[in-house]
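Q: Sequence:
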Amino acid sequence: MRQRHASQAVRRAREFEAFVAGAAGRLLHAATLLTAEAPDDNPRARRLLTLSLARTYACWDRLRGEDPYDRTRQDLATRFARGAWHHYGALGRSRPHPGSPLAPLTPQERLILVLRLHEGVAEEQTAALLGLSTERVRAICHRATSTLLHRPRGPAPAVPAAKAVPS
Numbered sequence: 001m002r003q004r005h006a007s008q009a010v011r012r013a014r015e016f017e018a019f020v021a022g023a024a025g026r027l028l029h030a031a032t033l034l035t036a037e038a039p040d041d042n043p044r045a046r047r048l049l050t051l052s053l054a055r056t057y058a059c060w061d062r063l064r065g066e067d068p069y070d071r072t073r074q075d076l077a078t079r080f081a082r083g084a085w086h087h088y089g090a091l092g093r094s095r096p097h098p099g100s101p102l103a104p105l106t107p108q109e110r111l112i113l114v115l116r117l118h119e120g121v122a123e124e125q126t127a128a129l130l131g132l133s134t135e136r137v138r139a140i141c142h143r144a145t146s147t148l149l150h151r152p153r154g155p156a157p158a159v160p161a162a163k164a165v166p167s
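Residues in the sequence shown are numbered from 1 upward in steps of one, following UniProt numbering.
Keep in mind that the hints were calculated from the coordinates and are not lab data.
Among the hints, erroneous ones may be present.
Label-pair restraints from in silico Cβ distances [unchecked claim]:
(1) L148 to A9: 43 to 53 Å
(2) G22 to T78: 37 to 47 Å
(3) T78 to G25: 19 to 29 Å
Quick caveat: nothing in here was measured; it's all calculated off a predicted structure.
Using N, Cα and C, we set each Cβ at its ideal position, and we do this for glycine too.
Make the full structure from the sequences, and use the hints.
A: Okay, here's the thing in structure tokens:
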């Protein structure tokens with residue numbers, strides 16, 4: 001009996017390790033986009049991913065045909081949304097890294113944009129995951145995309161004064 005449990009535990013650990021080896025990079029990138037941290041300095045994203053992977057591992061035997069990547073991504077998104085709500089109130093503005101491409105967006109806009117465009121999650125699934133209407137998800141996604149595509153331009157560069165030529 002013990003030997004069977006031990007072999008099941010080893011099999012479970014190997015399966016999970018294989019899943020993490022294949023999915024962790026993409027999930028970490030998604031988490032880094034969500035937190036709007038620098039790719040080489042992303043402690044919040046790493047913590048989100050670690051907690052989500054731990055949750056997936058805890059229910060690994062109960063997945064039964066469910067996609068572990070989808071389960072982990074859902075947990076990651078839920079944790080991010082909950083954390084943003086608690087830290088900044090109603091998915092308000094956080095303090096993203098200024099070099100992040102998604103820095104101008106609110107956490108909610110980042111979440112929807114990452115789920116929809118980076119992860120390819122359908123509007124209906126995104127809406128169900130976040131408890132929003134499909135129309136609201138579509139509107140937020142359009143607003144976020146417009147914000148990124150039509151960033152305000154900075155001031156024009158200063159033109160040096162022409163030097164006077166002596167006569």
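Q: Has the hinted range 37 to 47 Å been met by the Cβ atoms of G22 and T78?
A: violated, 22 Å
Q: Taking the CB of L148 and the CB of A9, does the distance hold inside 43 to 53 Å?
A: Since the Cβ atoms of L148 and A9 sit about 46 Å apart, the hinted range of 43 to 53 Å holds.
Q: For the range 19 to 29 Å, tell me whether the beta carbons of T78 and G25 fit it or not.
A: holds, 21 Å
Checked against the numbered hints listed earlier, the structure breaks hint 2 alone; every other hint is satisfied.
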